[in-house]
Amino acid sequence: MTSIVVNDLRVSYGGADVLADLSLEIADGEFFPLLGPSGCGKTTLLRTICGFITPSAGTIRFGDTDVTRVPTHRRDIGMVFQDYALFPDRSVFANVAFGLRARRVPAAELKTRVHEALERVGMSGYADRSPDALSGGQRQRVALARALVIRPKVLLMDEPLSNLDSKLRVQVREAIGDLQRELGITTVFVTHDQEEALALSDRIAVFRAGAIEQMGTPSEIYRSPRSTYTADFIGAANILEVRLPDDREHQAGEQVEFSLGDVTLTGITQTPVSAAEAYAVVRPESLSLADEAGTSTPGISGRVVRHQYLGSRVMHTVELSTGALVEVSEAATAATRSEGSPVRVVFPRDETLVLAS
Amino acid sequence: MSAQSTLGTAGPARRAGNRSPWPWVIITMVAVVLAVTFVLTPILNILIRSLTSGEGLGGWVRFVEEPKYLNALGNSLLLSALVALIATVIGVFLAYFASRYRFPGKWLFTVLPLSALIIPELIVAQAWLMLLGNNGVLTRWLKDVGIELPSVYGWPGMLLVMPLVTYPYVYLGTLAALRNFDSQLEEAATSLGASPLAARLKVTIPTILPAVLSTSILVFSLTLGNFTTATIIGKQLDLLAPLTYTAFLAEMGGDPAMQSTLATLSIAIIALVLLLQRFTVDRRRYEMVQGRSWAPGRLRGASGAVMAVLAALVLLATVLPLGLVVVMAFTKSSGPVLKWGEFSLDTFRQVLTGDPQPILNTLAFGLTACAIGVVISVVVSTIIVKKRNPLAPLLDYLVMFPQALSGTVLGIGIVMTFAGGIWQLGGTAIIIVIVLVVRRLPHGVRSASGILHSIPDSIEDAAVSLGVPPMKSYLKVVLPLMVPGIAAAAILTWVTIVGELSASLVVYSAGQETLSIKVFRLIFTGLNGQAAVYGLILCALAIVPIVIATRVFKVRLFD
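Protein chains in written order, with the numbering used here: chain P, 1 to 357; chain Z, 1 to 559.
So here's chain Z without its partners, still in its complex pose (with noise of 0.2 Å):
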């Protein structure tokens, strides 16, 4: 989730006047009714019901009126900021560590940040719980020693979790910055007179900061419209993404006054935020000529040692949920107790004999909106790079919208738009699939647009003057270029749809639960040991085919 649309960055001009097949312009058509079916209306809908329903404008009296609903809204915008000021640091600290040193072991920094953002966040926030909750192993075992921690729910555990689910997103940013940035301009300012101090200060960070903001903002939003980790570790704090879901569930049935009063709110907030980093922080990126990187050197010292123990020890808590997961789900359970140090496999036998079906659903929904979304990618991303015609500016706006929705709004205007009315789709598995193709739209149009630039026009026209028609040129050359982009689209798409909870939570009807939907009533049940097979089972949907992919097929999937 980021501001920048694929708008502005067509093929060149002098494309312009070119022929433009009939077949484009007809499915161009068809994908622009698609994205106001399933991307406009539901946004619309959640815009005229805040202003429309309940006792005159919506929830809106109501939400001045209650201090529960000021008060989430300042705290989830403290919050945010916080969480974004934390994984900044953590991000650009160890983006600059990796970049700048050289140590036995760098391999891990490369592997271990990304499996911050493959594992569930939901996985993450259980483990956490696990470990520091009111019952949790470290609460218990320093209890015993005598020493009492602070309760985690609310703030600290917020503080603790979010920046860990998010920073990956700021150093994976900041790294790539850095390894495009030209050292050869510290260089040159050195050269006309500034100590290699100012000259980092003044050139460098000013041309890497832009790229720093824009992830720290991603970060902001992610956490404003955080649901999973709000609700299980947040829990009495009174949070935006928690208090739309239980506005929702009041009002099931009824009118959705306040459901869509806070998820206009949170639309208004997150869009303010994209446009403020689009007219802001999007201005100032730099283009480098070319990237000739710093050499790393040699880690030592009293301040090397300390960089590597606090580098380590954000690494540790990376990984740490994972580990915890693994062990849980193997630790004999007899209901909510974990017998810890006792090993068994019952917990597994009983939930794949006893309920299968939330591994079946997640299989068959998620390989389905993958396919489709795969499917809806490709042929807008076309549209928008390679077969420009008047309708395609538009058609990028659209596709680029749910950017602005957290998972818990997308999933209110789906219900809003699809459930009933025409459409009757409430209950059915299709609503499930179309929120979770819609929620994934503007990454997958982002990277197929991204593999889209790299493949110059000039290669389908050449096909074209060797004889074959344009449509079976874009099928017969370009189409083949794109696969290997795609796979990896693909596969980063169906780590995050398989985790996916917010959006899916709120369309869900019994009998379709998901994994992650799974997972999470357990986790409210106190069931952890349940909680914890059924999430293990989600990490491997979600590592396995990265695993294959990357090993087998040799797929690149982190550029």
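Excised from the complex, chain P in its bound form (with noise of 0.2 Å):
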């Protein structure tokens, strides 16, 4: 039973903090994803947990354990990387009976938890092959297998389906959720892809610079981001330079009313605001369009610049008054609007976000 405590942890490069006292808990058998764009930190924590980077603060503790200072091949860990890293000069059974020779586990035991791991991700038929003869969906496979045999407390990935084709990616995706749900294998699983995160997980941490910009839920990440960082990292959002009408301070959840060019609006405030410049942030599907004609609901006016049709949905990139463009996402069902036409864009006051930042 493991859990990851990561404590005021701080890694610095020539003077630079990379990580910059970063606290975090991952439960027992929690499968944890770092998101981030790339330089965020993500992968200098996940090395950091497996020890292949020293800190030069905090500590990182495995359960009870603190393994802070214990060497990379002493912390019992799996590792998947990005590339794989199967030693192109073993064999498939060769490659996945490393970490089992590494610990002296008896040749009939060893045969038997290697066979057992590469049937475990569908491999069971590959065991003589060289790597080289393996796809790559295939090759993510056996490393999966590789790093599951020697039955580790914690599981780390570096983005293991990058490599991968769009249609293998969910594949090889769907086969790790599964695994880690089996085997309840505390994850911890670096990514940039959005996608990949929403899927996979209960709880996502959201990297910005060397620190956790967000964690949560995915919908909550998704619903009420706390900046426009997240906002604009996690799915698609309409981020708006906005003016509150003065610079009280705001508590979090408060409506708000604010201005957007000449137009007044109301929306929530999701974290304390308290100067007079806000970020409003709207998701292209909470807003819909109106004619111009009907002015009884809250909404700002601008013209059609682009009409994208995509099956399911009709997408309207829309040219506010204030010159500002938004995206405007509606079912398909919803009437067509030709470029040019002019439209009001219609703001859902519960769904209007408030952002300091």
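Quick caveat, the hints were computed from the structure, so don't treat them as lab data. Here a beta-carbon is modelled for each residue, glycine too, at the ideal position from N, C-alpha and C. It is possible that some hints are incorrect.
Some chain P residues well away from chain Z (every beta-carbon gap over 12 Å; in silico) [unchecked claim]: (1) E220; (2) P245; (3) R248; (4) G253; (5) P272; (6) P284; (7) E292; (8) V304; (9) V305; (10) V314; (11) S338; (12) S341; (13) P348.
Quick list of the computed label-pair ranges, beta carbon to beta carbon [unchecked claim]: (14) Z/F279 to P/S259: 51 to 59 Å; (15) Z/G297 to P/A107: 56 to 64 Å; (16) P/E319 to Z/L209: 43 to 51 Å; (17) P/G253 to Z/S191: 53 to 61 Å; (18) Z/K554 to P/N163: 25 to 33 Å; (19) Z/R200 to P/S341: 51 to 59 Å; (20) Z/G450 to P/R101: 29 to 37 Å; (21) P/A16 to Z/T280: 30 to 38 Å; (22) Z/G297 to P/A334: 58 to 66 Å; (23) P/R10 to Z/S191: 48 to 56 Å; (24) Z/G450 to P/A252: 51 to 59 Å.
In silico SDA-like links for lysine to any residue, alpha-carbon gap of 25 Å or less [said to hold, decoys possible]: (25) Z/K386 to P/T68; (26) Z/K476 to P/D83; (27) Z/K472 to P/L46; (28) Z/K235 to Z/L73; (29) Z/K386 to P/G14; (30) Z/K386 to P/S56; (31) P/K111 to Z/K472; (32) Z/K472 to Z/M29; (33) Z/K386 to P/D83; (34) Z/K472 to P/R101; (35) P/K153 to Z/D457; (36) P/K111 to Z/I459; (37) Z/K386 to P/S12; (38) Z/K472 to P/P106; (39) Z/K472 to P/P71; (40) Z/K554 to Z/L541.
Using the hints, put the two standalone chains together into the complex.
In structure tokens:
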């Protein structure tokens, strides 16, 4: 039973902090994605948990054991790499057996366990093949078997799907998810692909510049982002600079009025907002379009500049009277509006989020 | 010998803060100390002696006053430029021909130019002398028919032989660039409205030119430091490298003023050339995203015939020396006189029973130097590529220094440093091994680094994550993956060590003649029959391992 507890972790290269006093608790058996663009520190955190990087401050615990000073090879981890990192001169069997041999597992047991592991990932017929003779998806399955066969305390994956094409990615993703649930092994998973993170996990950490920007369930993060960064990173978002009538302190969750150009709209603050400048965030599917004539609903007038039919949805890009562009995604049954036609963009007050940054 | 250092090609930046296991830090420190001792000290010694020995300012005053020296400098620069030009023309032509056309016997174009790199230069020079020298076969035959050939010694011979020895560097470099060239670039240019000719001039040539130029520069610096051909065929022509060696002989045991002055001059010129290359040509090298080369076309018409004849002539001239040496080795000889047309094994028997020592010396020194060189190359390149630490860049620079040294200069530096003083290695076999190892160091490190770059870091990380300690992971997982590459590098090192002359000639003492030294001395005493036998054995020592490695063990030597 292994949770991962990261406490005030700091990693610096040449004076610059890549991770700054990061704390994080991953529950036993949890599947935990670290999500963020490249260079945000998520891989550094993973490699520090692995032990490849020594932190300059802070601790890492696996359950009750402090592993901060324990070298990688004694941490009992399973690691899956982006480029698979299969040993090219060894057969699939020898690759999977590698960690067991290092642990001096007796030959008979080793054989059973390797075959079990290969079966689990659906690669049982491939034991004698060379990694060269496998496809990308098959290689990653073997790499997964190699990491799992040693029954590690935690499983760490560094962008395991990003070298696969989109169809395979979904397949391997599902295989990883099923296996993880079946084995209940604590898993940390680095990805820059939000769909991967949303699909696989109960809880997500979004990284920004060496710190966790926001952590929560996928729907929390999607519905109540606490910064425009998160809103923009997870899903599509219309982000508009707006003005509040005064710089009074607003609590989170408060209903506030704000002005966008010369129109006053209402939204809900997600974080405390205390300045006159703020941001309004609305998902494209929250917005709707009305005819310019109907003025009863709170909205702002604009002009359709692009119209895209996407099968189940129809997407309009509208240039608001303030000059800003917003995207509006409606069910395909909604009225199709031609480019250039004047419209009114309706902002629903419950789904218009007001953020400080 | 090329100017690229392995610097700046380290692994991704995110490895920077990784654990740097102690064993590697200690190994790095040892490596730096060794590099300072065996690479930096000899160079510094030369530079210092050139200023402090002799009557004020070393030999610099004499250098300016005696026309012989300024003359040699001018000759060397002019010769190197001309040879680079001719070699580039031949090499580019051959590469273009081989990559653009289909024709029977094309495999010869992959094998024969390489043979010019394998056959020791010494043998090539000797063979051309036997053919075109004052007493040469062709010279006499033509004289009998009434045609008087101009003397091959000096400029004509140098301009004939040096390009034939050096063009394969240009050929291989250009061929690689042409193979990597993405022909879609030309198509893109024509689709944008450029005529096919304009596309070639404005797109193809500029992208390939840097690769070609850097091989031309390589040929320039090889020619500038060339001792072997310059001594055998240049003869009375004053050139830098032979003059440096003469100064070394004249000052033996005395004040090393002139030798260190001339050596410093040659270091300065080559260093300048390498720097220029680094800041001009290398900056303009391009990565091709994908290489879809042209499909070779059929050779036809009068121009096709002319090209085919020219290409065949070059290849013929390339292998001619080897053929001639084989014939000479089995030709009956008495003293310096070769009895053409009469074959016998007598000379062979004489050599093998009379003085087989050079063969044994070559094997002993060569194998030792090769083994040491391989180990050092693997360790140093591992530090530079995989286990970077603050000392790694320094080490990288140090091991690349010998690039700026010709064999003669390196030999002089090593003798100055290790023959006397606290080392007292003069006259020992160790000093020969040192010279051979240091001379090949940049090549060895570069090829080992190339192999290491192709092995992803994640392989070693994977082994560590599976529970194997870091050092053991390296030895168990990374090293085995390097073996094929190391084998190839070791064989190429062996080939060049076997044929090495200019540096070992400076450091050797009586009883330690290697095959190349023996051949060199026999050529000068006129015993060409014996020289050919030793030369043939020398060629065999170079060629046989290559044949075995590529045929039996399927080692890929030239990629």
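Now for the hints, and whether the structure bears them out:
1. Taking the minimum C-beta to C-beta distance to chain Z, about 30 Å, the non-interface status of P/E220 holds against the 12 Å cut.
2. Listed as outside the interface, P/P245 is consistent with that label: its C-beta sits roughly 47 Å from the nearest C-beta of chain Z, beyond the 12 Å cut-off.
3. With a cut of 12 Å on Cβ distances, P/R248 stays outside the contact zone with chain Z, its closest approach being about 45 Å.
4. With a least CB separation of 39 Å from chain Z, P/G253 remains clear of the 12 Å interface cut-off, as annotated.
5. Annotated as non-interface, P/P272 keeps its C-beta farther than 12 Å from every C-beta of chain Z; the closest such distance is 35 Å.
6. Under the 12 Å C-beta cut-off, the non-interface status given to P/P284 relative to chain Z holds; the minimum distance is some 35 Å.
7. The Cβ of P/E292 lies farther than 12 Å from every Cβ of chain Z, with a closest approach of about 45 Å, so its non-interface assignment holds.
8. For P/V304, the shortest C-beta to C-beta distance to chain Z comes to about 35 Å, beyond the 12 Å cut-off, and the non-interface label holds.
9. The beta carbon of P/V305 sits about 31 Å from the closest Cβ of chain Z, which is more than 12 Å, so the claim that it is off the interface holds.
10. Separation of P/V314 from chain Z is adequate, the least Cβ-Cβ distance of about 36 Å exceeding the 12 Å criterion.
11. Residue-level check passed: P/S338 sits 35 Å from the nearest beta carbon of chain Z, beyond 12 Å.
12. With a minimum CB-CB distance of about 38 Å to chain Z, P/S341 clears the 12 Å threshold, and the non-interface call stands.
13. Interface exclusion of P/P348 from chain Z stands, the closest Cβ pair being 43 Å apart, more than 12 Å.
14. In this structure the supplied range 51 to 59 Å holds for Z/F279 paired with P/S259, their Cβ-Cβ distance being about 58 Å.
15. Between Z/G297 and P/A107 the CB atoms are about 59 Å apart, so this pair conforms to the stated range of 56 to 64 Å.
16. The hint said 43 to 51 Å for the Cβ distance between P/E319 and Z/L209, and at roughly 49 Å that hint holds.
17. Separation of P/G253 from Z/S191 is about 59 Å and conforms to the stated range, judged on CB atoms against 53 to 61 Å.
18. Z/K554 and P/N163 have their C-beta atoms about 29 Å apart, which keeps the hinted 25 to 33 Å range intact.
19. Z/R200 and P/S341 have their C-beta atoms about 52 Å apart, which keeps the hinted 51 to 59 Å range intact.
20. In this structure, Z/G450 and P/R101 meet the distance hint of 29 to 37 Å, their C-beta atoms being roughly 30 Å apart.
21. Here the CB-CB span from P/A16 to Z/T280 is close to 34 Å, well matched to the stated 30 to 38 Å.
22. Separated by about 59 Å at the C-beta atoms, Z/G297 and P/A334 satisfy the suggested range of 58 to 66 Å.
23. At about 54 Å, the beta-carbon gap between P/R10 and Z/S191 stays in the expected band of 48 to 56 Å.
24. The hinted range of 51 to 59 Å is satisfied by Z/G450 and P/A252, whose Cβ atoms lie roughly 57 Å apart.
25. Annotation: proposed proximity of Z/K386 to P/T68 holds, straight-line Cα distance about 24 Å (limit 25 Å).
26. For the proposed pair Z/K476 and P/D83, the alpha carbon gap of about 20 Å is at most 25 Å, so the pair holds.
27. With a C-alpha separation of about 23 Å, the suggested pair Z/K472 and P/L46 falls inside the 25 Å cut-off, and the hint holds.
28. As the CA atoms of Z/K235 and Z/L73 are separated by approximately 16 Å, the hinted pair is consistent with the 25 Å bound.
29. Pair hint Z/K386 plus P/G14 holds up; C-alpha atoms about 19 Å apart against a cutoff of 25 Å.
30. For the given pair, Z/K386 sits about 22 Å from P/S56 by alpha-carbon distance, which is consistent with the 25 Å threshold.
31. Using a Cα cut-off of 25 Å, the hinted pair P/K111 and Z/K472 holds, with the two alpha carbons roughly 23 Å apart.
32. Between Z/K472 and Z/M29, the direct Cα distance comes to roughly 20 Å. Compliance with the 25 Å bound is thereby established for this hinted pair.
33. Using a Cα cut-off of 25 Å, the hinted pair Z/K386 and P/D83 holds, with the two alpha carbons roughly 17 Å apart.
34. Only pairs whose Cα atoms come within 25 Å are accepted, and Z/K472 paired with P/R101 is accepted, the gap being roughly 13 Å.
35. Among the hinted pairs, P/K153 with Z/D457 is consistent with the structure: their alpha-carbon atoms are about 23 Å apart, no more than 25 Å.
36. A threshold of 25 Å between alpha carbons decides the hint, and for P/K111 with Z/I459 the separation of about 23 Å falls inside it, so the pair holds.
37. For the hint linking Z/K386 to P/S12, the alpha-carbon distance of about 20 Å falls within 25 Å, and the restraint holds.
38. Between Z/K472 and P/P106, the direct Cα distance comes to roughly 21 Å. Compliance with the 25 Å bound is thereby established for this hinted pair.
39. Straight-line distance between C-alpha atoms of Z/K472 and P/P71 comes to about 13 Å, which keeps the hinted pair within the 25 Å bound.
40. For a cut-off of 25 Å, the pair hint linking Z/K554 to Z/L541 stands: about 19 Å separates their Cα positions.
Violated hints: none; the structure is consistent with every hint.
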